[in-house]
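Trainee: The chain contents come next:
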Amino acid sequence: MARMKFLCDAERCIECNACVVACKNENDVPWGVNRRRVITLRDGEPGEKSISVACMHCTDAPCAAVCPVDCFYTTADGIVLWSKDLCIGCGYCFYACPFGAPQFPQEEAFGVRGKMDKCTFCAGGPLPDNSDAEYAEYGSNRIAEGKLPLCAEMCATKALLGGDGDVIADIYRKRILKRGGRPQSWGWETAYPGG
Amino acid sequence: MNRRAMLYLVLLATGLFSTGCYEKPQVVFFEPGEYKGRTDPLLALEATPEQQQRLEQRLRTVQMDR
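Read top to bottom, the protein sequences are chains G and F. Per my numbering, residue 1 is the first one in the first sequence, and the count goes up by one each step. Per my numbering, residue 1001 is the first one in the second sequence, and the count goes up by one each step.
Pulled out of the complex, with its shape left as it was, chain F reads as follows:
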C-alpha cells in the first residue's frame, strides 16, 4: 500500500514537473512585404523634430567645408 502511494506520488510529481516544461508557442504568420521582427526604438526617436534638428546641426558642424 505504501509502495502504491509512493508510485502515485511519483506519477503526480512527474506530471506536475512536465507541465512546467510546457512552452507557449509563439507563431508569427508570414505576410509578403511586411516586416514582423522586433520594433526598433530608434524609429520613434527619429520621428521627433528635435532629433532631426540635432542630426542636421551635427552635419553642418562636422562635415561642412570650411
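Okay, chain G solo, but in the shape it has when bound:
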C-alpha cells in the first residue's frame, strides 16, 4: 500500500506561490486560512531558498495524538483527515503541529475559533465523495477522481511533488544523482558557512 507524501525540492522552488493560489482556488479556502504557504529562507540574500509547506500527513500525527475529541482519522495510504462535526475548535492541534498546518477561520472573544481547517491532500472529508456538502466543508476530492493534489500537479518547476512516497523518493533520488551532491538547504554548510 502506498503512503501519500509531499516533498518540496528547495533547489527548484522559485517562490511563485502558484501552489498557494491553486489550493485556495481548488478548495475554496476561506479568507484568513492558507492550507499551503511558501516559506523563504535568507530572503534577498545569496543562497536564498524557498519551500512550499502544508500538512505533511505525518505517519504518527501529533495533531491526532492531542485531539481531545479524536476527530482525526488516517486513510489506508496515510492521508490524515478529520471530521468538522466532531471538532470543537480547541486549538490543541495548532499548538502540537510543527508545521503550523491546522488553522482556524475565526478569531473572536472567548477564544471562539470555529472549526479547524487544514490540507486534505485534496481528499475531501467524511461525507459522500464529491458531494456539494463535502465541497462546502472540506474542499474538492481529487483523490476519489483518481487525481493527485492540484498544488503538486500544477507546479511549473516540478519542485512540489505529491503522491506515493516511494515513487517520489525515486524521482528525488534521480535528481540528486544528476546534480552530483546533496542539497545544501540545511546541514553543516548552511548553519556554519565556511566553518
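Quick caveat, the hints were computed from the structure, so don't treat them as lab data. Here the structure is a predicted model, which is why all the values come from computation and not from measurement. C-beta atoms are modelled at their ideal positions from N, C-alpha and C, and glycine is treated no differently. Among these hints, one or two may not hold up.
Unchecked claim - Quick partial rundown of chain G residues pointing at chain F, CB under 8 Å, derived from the structure:
no. : residue
1   : 2
2   : 85
3   : 124
4   : 129
5   : 143
6   : 147
7   : 167
8   : 171
9   : 174
Stated by the list, open to error - Subject to a maximum C-alpha distance of 25 Å in a straight line, what follows is the list of computed DSS-like cross-link-like pairs (lysine-lysine):
no. : chain 1 : residue 1 : chain 2 : residue 2
10  : G       : 115       : G       : 84
11  : G       : 84        : F       : 1036
12  : G       : 178       : G       : 158
13  : F       : 1036      : G       : 115
14  : F       : 1024      : G       : 84
Claimed, not checked - Below, a sample of chain F positions facing chain G; criterion: calculated Cβ distance under 8 Å:
no. : residue
15  : 1035
16  : 1036
17  : 1037
18  : 1038
19  : 1039
20  : 1041
21  : 1042
22  : 1045
23  : 1047
24  : 1052
25  : 1055
26  : 1062
27  : 1063
28  : 1064
29  : 1065
Since the structure of chain G is provided, determine the placement of chain F on it from the hints.
Mentor: Same frame as chain G, now just chain F:
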C-alpha cells in the same frame, strides 16, 4: 359539557402534538484514541487495487521529470 369535551380534546391534541416533538437521543460514548465520526466512503475506495494503480499512474504521468 360541551366545553369540558372541548377541553379534553385540546389536552389530547396537545399531548399528541408534544409526542411528535420527541427526539430520540443519539449518545456516542467517547473512547480515547478512537474516531467515532462519520465513515468516509473514500476509505473503501482507497483499499481497491484499481484506485492504487490509478493514483500511481497519475503520479508517473503528471509529475515525473521529463
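Trainee: All hints are to be evaluated individually against the structure, with a verdict given for each.
Mentor: Hints, verified against the model:
1. 2: holds (6 Å)
2. 85: holds (6 Å)
3. 124: The hint holds - residue 124 (chain G) has a Cβ within 8 Å of chain F, the shortest such distance being about 7 Å.
4. 129: holds (5 Å)
5. 143: holds (6 Å)
6. 147: Since the shortest Cβ distance to chain F is 6 Å, the answer is holds.
7. 167: Residue 167 (chain G) check passes; min Cβ-Cβ to chain F is 5 Å, inside 8 Å.
8. 171: holds (6 Å)
9. 174: holds (7 Å)
10. G:115 x G:84: The given pair, whose Cα atoms are some 6 Å apart, holds under the 25 Å limit.
11. G:84 x F:1036: Cα-Cα ~12 Å, so holds.
12. G:178 x G:158: This hinted pair holds, its Cα atoms lying about 15 Å apart.
13. F:1036 x G:115: With a Cα-Cα distance of about 17 Å, the restraint between residue 1036 (chain F) and residue 115 (chain G) holds, given a limit of 25 Å.
14. F:1024 x G:84: It holds: about 23 Å lies between the C-alpha atoms, which stays within 25 Å.
15. 1035: Holds. Min distance 4 Å.
16. 1036: Status holds, d = 7 Å.
17. 1037: Holds, because the Cβ-Cβ distance from residue 1037 (chain F) to chain G comes to roughly 3 Å (cut-off 8 Å).
18. 1038: holds (4 Å)
19. 1039: This interface hint holds because 6 Å falls under the 8 Å limit.
20. 1041: holds (5 Å)
21. 1042: holds (6 Å)
22. 1045: holds (6 Å)
23. 1047: holds (6 Å)
24. 1052: holds (6 Å)
25. 1055: holds (7 Å)
26. 1062: holds (5 Å)
27. 1063: holds (5 Å)
28. 1064: holds (6 Å)
29. 1065: Status holds, d = 6 Å.
Hint check: no violations occur; every hint is consistent with the structure.
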